[in-house]
Each structure stands twice: as structure tokens, then as C-alpha cells.
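Residues in the sequence shown are numbered from 1 upward in steps of one, following this note's numbering.
I should point out that these hints are in silico values taken from the structure, not numbers from a laboratory. Treat the hints with care, as some may be off.
Here are the simulated lysine to any residue pairs, SDA-like style, with alpha carbons at most 20 Å apart [claimed, not checked]:
1. Lys57 to Phe26
2. Lys152 to Val88
3. Lys168 to Thr195
4. Lys34 to His86
5. Lys34 to Val88
6. Lys168 to Pro192
Computed beta-carbon distance windows for the label pairs [to be verified]:
7. Asn29 to Ala92: 21 to 27 Å
8. Lys46 to Asn150: 21 to 27 Å
9. Met184 to Ala92: 19 to 25 Å
10. Glu164 to Arg139: 32 to 38 Å
11. Met146 to Ile56: 19 to 25 Å
12. Ile39 to Ala167: 38 to 44 Å
Ideal Cβ positions, reconstructed from N, Cα and C, are used throughout, including at glycine.
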Amino acid sequence: MKSIETVRVIACGMIAREILAIRERFGLNHIELKCLPAIYHHYPDKIAPSVDRAIIKAKSEGIAHIFVGYADCGTGGMLDRVCEKHGVNRIAGPHCFSFYAGNELFASQWDDDMTSFFMTDFLARHFEAFLVKPLGLDRHPELRDMYFGNYKKMVYLAQTDDPELSAKAEQSAAFLGLAYERRMTGYGDLIPALTLAATR
1 MKSIETVRVI
11 ACGMIAREIL
21 AIRERFGLNH
31 IELKCLPAIY
41 HHYPDKIAPS
51 VDRAIIKAKS
61 EGIAHIFVGY
71 ADCGTGGMLD
81 RVCEKHGVNR
91 IAGPHCFSFY
101 AGNELFASQW
111 DDDMTSFFMT
121 DFLARHFEAF
131 LVKPLGLDRH
141 PELRDMYFGN
151 YKKMVYLAQT
161 DDPELSAKAE
171 QSAAFLGLAY
181 ERRMTGYGDL
191 IPALTLAATR
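From just these sequences and the hints, can you work out the full model?
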């Protein structure tokens, strides 16, 4: 019996939990996850060169089937150039908020959402460590309006139906002085992207 080829998924640490959940749900045990630091969300210039190095490393280890678990994520097309150079695919879309909502739906709602600050399960779970402290809001609360004054509301795109995370997201919206809206998205376009990558 022929063994299933390993698929190396090189992904953002912000979506690691979700990728592992999809792997388990669909029995995609041949997916091997390698994550880059979630903090690159704040430093998108680091994403493309880091993915480039990770792909080179995977190929040096004999991994032929590689998938990039990032959308463009603020790289301005640089990540696409890395993917094209190596002949690998990535998750479609501009960022994780879009592919969680579903890229088509997200685009169709953009006129109404352009003044929204988006939250995911990861950001709800790590709000203080990932946003409050790096932005210095714990030390300088007066910076809040400088960073978030142009937003009207926080939209929590929930991957899981978790009351505790929903409560944290709502508290985060209050901390930022924003109206709160919760939308249950599940994993959105991440599911078909991973299942397709795992079967090619």
C-alpha cells in the first residue's frame, strides 16, 4: 500500500490551533505543521523572507509537497513572489480576517466594515500579550485613541462557539472604546484551502 505523501504547511502562528483542528477533524494526518512567529502579524516585512527560508529548509529535508499557510498579510505581493519562485501555493485572500469570513463575503461587506477593527479567536485569547503590551497601552492608555480613534466598532470573527472567548472579545472592545459585534465564521476558506492542499 502506497504511503500518503507528507504535506509541509508553513503557517502563521496565529492560525496554528485552527490548522491542527482542521487536520484532526478531516483526518489529514499527513499534514506536518511548521509555524513562524505570530508576532510577524505586526512586522509583515518579515513574512516573505522567513517563508522563503522555511521553504528552502523543507526542500532540503526532502519535502516535495509544501503549502503556505498565509494570506498576503500585508506583504504587498512579496509573499506571492516567494511562492512563485518555489512553485508553491498559499491561502487565497488579503489576510486571515478575510479567509475566516470567506473571501467573497468579506469583500462584499468591506464598504460597511472599513472602519471596523477585527478580532479572531487568537486575538481574543492573547489580547493583552499581543496587542495591549506591544502597543504600550498598559503603560500609556492615552495612546488608545491615537491607535484606535478612527475605528467605529470591533468585529469578532469567531472560529469557535466559545462563551469565554466571546466574553474576552467583548471586554477587549470595551477596553478600546469600540462598539462590539460578533460574527460566527468557523474556519471559513481555511478548510477548503487545507483539504485541497492535502489531496493534491
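Hint by hint, here is what the structure shows:
1. Lys57 to Phe26: violated (27 Å)
2. Lys152 to Val88: With Cα atoms ~38 Å apart, Lys152 and Val88 exceed 20 Å; violated.
3. Lys168 to Thr195: violated (31 Å)
4. Lys34 to His86: holds (17 Å)
5. Lys34 to Val88: Answer holds: Lys34 to Val88 is near 15 Å, not above 20 Å.
6. Lys168 to Pro192: violated (29 Å)
7. Asn29 to Ala92: 21 to 27 Å: Because 24 Å falls inside the window, the suggested range holds.
8. Lys46 to Asn150: 21 to 27 Å: Given about 26 Å between the Cβ atoms, the range holds.
9. Met184 to Ala92: 19 to 25 Å: Cβ of Met184 to Cβ of Ala92: about 21 Å, so the range 19 to 25 Å holds.
10. Glu164 to Arg139: 32 to 38 Å: violated (27 Å)
11. Met146 to Ile56: 19 to 25 Å: Between Met146 and Ile56, where Cβ atoms are some 40 Å apart, the hint is violated.
12. Ile39 to Ala167: 38 to 44 Å: violated (25 Å)
Hints 1, 2, 3, 6, 10, 11 and 12 from the list above are not met by this structure, while the remaining hints are.
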